[in-house]
Structure formats: structure tokens, C-alpha cells
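*Asks:* Chains as they are written, first to last, in my numbering: chain A, 1 to 287; chain B, 1 to 287.
Think of the hints as simulated: they come from the structure by calculation, not from any bench.
Mixed in with the good hints there might be a few duds.
One copy or any two copies: either way a pair holds, since identical chains are not told apart in the list.
As the list claims (entries may be wrong) - Below, in silico cross-link-like pairs of lysine-lysine (DSS-like), each with a Cα-Cα straight-line distance of 25 Å or less: (1) K148 / K195; (2) K222 / K194; (3) K280 / K19; (4) K19 / K252; (5) K252 / K194.
Protein chains: 2
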Amino acid sequence: MTTILDGKALAAKTDENTKIEIQDLADRGIIPGLVVILVGHDEASQLYVRNKDKRARKMGIHSVVRNLPETITEEELIQIIHSYNADPTINAILVQLPLPAHINEFHVTTAIAPQKDADGFHPVNLGKLIVNRTEQTPIACTPAGIMKFFKAYHISLDGKKAVVVGRSTIVGKPMAALLVNANATVTIAHSHTKKLSELTQEADILVVAVGVAHFIKAVDVKNGAVVIDVGMDRDAQHKLVGDVDFDEVKNKAAYITPVPRGVGPMTISMLMAQTVSLTKWSSEQNG
Amino acid sequence: MTTILDGKALAAKTDENTKIEIQDLADRGIIPGLVVILVGHDEASQLYVRNKDKRARKMGIHSVVRNLPETITEEELIQIIHSYNADPTINAILVQLPLPAHINEFHVTTAIAPQKDADGFHPVNLGKLIVNRTEQTPIACTPAGIMKFFKAYHISLDGKKAVVVGRSTIVGKPMAALLVNANATVTIAHSHTKKLSELTQEADILVVAVGVAHFIKAVDVKNGAVVIDVGMDRDAQHKLVGDVDFDEVKNKAAYITPVPRGVGPMTISMLMAQTVSLTKWSSEQNG
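Isolated chain A (complex conformation):
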């Protein structure tokens, strides 16, 4: 029997909790503020930003979308980030990735004040995650959402073999850290990995974030594995699919996330929750 991990339902449940926290803050006269900065007009990015904005507004978050031209310089972008760092109505800052090639992603990530770092990409926040000291520390939303699946579906991680395919700052690296902190034995695989299929076949927990449609097939997966698909790819028919061949793999896995309605909705929910957490933490420090 395979359990399909229902991202839409879990996101709705997560949002309910977040709404209660937003109401608590409202009772104290505090409205969480989120700014999403979008440089250029990448279509996929525009869609993501729109979805984030819509969800935030619906939940009672003060949501700002700042559209900036493709031609903006790194210095100008960083100046704008600094202005939001200083803006008391903004508690969470997210710069939508990818950025145009002339802008250094690392410089931008490190310009965001760590206490307003909605994505948890600032090195000091990542470092705290690595050493498992995450009190009042934002964590990258996609892996944080994946951890919620494990919790909601009572999937134990302690002593399990976990394989994370992909080593991005956005998913792979923080995911590996969260799994190590949860006492899994973690392997980080990537484009230089040899005999990848042998590795993934041994995984009790398999997280795939490579950005290639149907990269993982049934043959690559252990019977009874937990398979988490972070991909948002297009197949030959331009249909949205994941990095995992869902139709094949679902018969072999014990748990699997679909695409869509899997990891994606939870990522946005975690962004909302994190915006509220950042707001609470800052109000605790100020008050």
C-alpha cells in the first residue's frame, strides 16, 4: 500500500495554525510584513511570486511585491534590500531566485538582515542549522516543509538511510542538515556522483531535487522507501511533472509526494509560517 503525501491538505492545515498566530499578533496590534523582490520577468518566477502574494494577502499578511527591472545593478538591488532591512513594517524579505547573471546571488543573500531572512539562505542562519541551534532561526522553506511531511505522517528518521540528490543552497544542503539533525544517516549525491542508482536503491528516505523531469524511475527506488519529489519540471507535452516518475515509482514506495500538490504547496505555507515566526521573534526582542 502506498500513501500519497497530500501537500495541499497539509498546507491547508499548516495555514490554519499560521492564521491563529496572525490573529494573536493582530490582537497585539502587529501585522506581519513580507516583501518579495522580483528582478526581471522570468515567467515561472512571476507565477511563484503571484502565488506567494495571493496566499499572504488571504492570510492577513501585509504583502509587498517589488518588481525590479532586469537591468538593475547589484548595488542598487542591495540598497533596496537595506531599505527593507530598516523598514519596521517589513519582517520578512525574500528575493526570488534565480537572479540575472550580472548579479551575485551570494552578495544579495548576505545583504538581507539575518532576522528578516524569509528563506533562511543567509550564511549565519545556514550555519546555525548545521550546528543544530535553530531557536529563532529561519530555515529554507522547501526542506522545512518536507520535515513537516515526515512529522505529519509519523515517518521516523532516526537511524534511517537518507539520500539527498542535489546539493543546492535552497534544498539539498539544508535538507541534508535537517536529516542529520534528525539522526538519519545522510548521503549527499549530485552531478558528480557515480553509480547514483545503486545509492538511491539503498535509501529508506529519498529526496530528489535535480530539476530533470522523471529523473528517478522505479528501478532506482527501494521497496517501501519514502520518496520526496522537489522537482517542478515540464515534460515533452509541457505538463508539470516532478523529478520522480510518479506513475512508476508510486507502486514501489511506501510514501510518495505527487507533483503538483506535494512539496510545492508546503513550501509556500512554510514561507507564511516563517514570516509570522520572524515577526514574533522580532516583537519579542523589541518588547
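Go by the hints and put chain B onto chain A.
*Replies:* Here is chain B on its own, set in the frame of chain A:
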């Protein structure tokens, strides 16, 4: 044929390079300053601190050893760290671990100014290592020294299976990050790992940092593996030995570090090199 990785020789060579840099700085009127803070009177720690001090003085580094009583409070210790953060004659601060139980290691680590962080344990430095942006970033000395072995002995890491046993902030976690950055496929194993021997038997590169004498036996090691032993343990006869049973494993490994004269001397050399690097970086930013 097994190659014994000669830590004493590599440390001497590393020190020669560091001395040239110290001379260059001296020509500009700059003397690198290192303070090592020791709380209490743990015997092993006292020995390590003495060795560090001796090496630093011999190389022309301004070396300060600050002995503090076991009873010092966390607040007092942090005040002292802040005074060194502000002291222009000090470029590198190291707090010898472990600390007494009443002092929070994380609070102390984060009190050190990142630009004077001799051990690279501050979360912002660890975070930069994780995202592979290590320009002007100190890195934990033990794993940094291990990387020097790989380089000196032309041991390729790209696409290799590396297993790191131990997940400390001091060794395991930064070691894993360095290996991922070098394109190895990295598994982090630890006390919760099941069937550890099966894992280590698959490792092309095996780094062991568990603190248990002769924990790894020949049966746990792949033929032709590179075996790095971070242990500094005492056997039943109180003799200094490693986490790896050297006499057994040396016949199976292609490369192996002995204990003593393996990883240990390189760790101190990297501390010296890092003290000089921190001094150079700060002089570049000030001048």
C-alpha cells in the same frame, strides 16, 4: 603498497610557507596575534594549548595564552572574548574546547568576532563553507588540514565515495562540507547509524572522528581506501592511539594517517596558517 601520510613532514612544509607570510607581514610592520583561551585545567587541553603556544612563538606569532578558572561564568568569559574582539594586537581567538558544563559552547562560539574566528566555528563562517563561498573565511583547522593531505598526496576526491564517521562541529560537519565542495559523494555517519561497517566498507575516502580507540578495524575498510584518522585516544596501556586500528588497517588501505604524526600536527599548522590569513585579511580591509 600502502602510503603512510606523513603529518609531521607536511606540517613542517606548511609551516615553512606560513613563515614566509609572517616575514612578509613583518616587513610591513605587522605581527599576527593569537590568543588561546583555556578554561579550567583539563590535562589534555593544557597539553594542546602548550603545543599551540610553543609552535606560535617559534614561528614569530604574538601568542597569548589566557588561563581562566573553572568557576568563571559564561558572561565573564564572553566579556573577555569581547575585549579580544576589540584588541588590535589580536587577530585570531581560539577558545579551547571542551568547556565546563555550566558554559554554553554555542554562546561562546558566537561571541567571537567572525573575522577573528581562528577555529572557523562561528555559524556565519560555517554557513559560508556550506555554500562554498570561503574567500576570507576561516575553516575548522582539523578538516582544513585533512584537505591539505589530499592535495599534497594528489588524492582525487571528485566523484569518490566519502564516508565521514562523526558529526561534530569541529570535524565531521565541516569535513563533510569540504568534501561535498570537492565533488565527492558524501555520507555522514554517526552514533545512530545502523550497519556502519557496511557503509565504511564502501568508502573510497574514510574519515573517522569518533574518539574511540581502534574503533575501525581492517574488516570495516575497503581495499585501497584512503583512511584518515582524527582520533587521539588512549589504549588500555595508556598509549596514544587513533580511532583506526593502524596495524590492521594499514595493510588494506592505499593511504592512511598514523596516530601520532598524522592529522594532529597538521591541525596545529593550519591554526598557524589561519592566524596569518586572518591577519592578512584584516590588514587588507583596514589598509
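*Asks:* Indicate, hint by hint, whether the structure satisfies it.
*Replies:* Here's how the hints hold up against the structure:
1. In this assembly of identical chains, K148 and K195 lie within 25 Å of each other by CA distance neither inside one copy nor across copies; the values are 30 Å within and 27 Å between.
2. In the homo-oligomer, the alpha carbons of K222 and K194 lie at most 25 Å apart both inside one protomer (18 Å) and across protomers (17 Å), since each shortest distance falls under that limit.
3. When the C-alpha separation of K280 and K19 is checked against a cutoff of 25 Å, the pair qualifies only within one copy, where the shortest distance is 13 Å, while the shortest distance between copies is 51 Å.
4. Neither within a single protomer nor between protomers do K19 and K252 lie at most 25 Å apart by alpha-carbon distance, with minima of 37 Å and 60 Å respectively.
5. For the homomeric pair K252 and K194, the shortest alpha-carbon distances inside one copy (23 Å) and between copies (23 Å) are both at most 25 Å.
This entry does not satisfy hints 1 and 4, going by the numbered hints stated previously.
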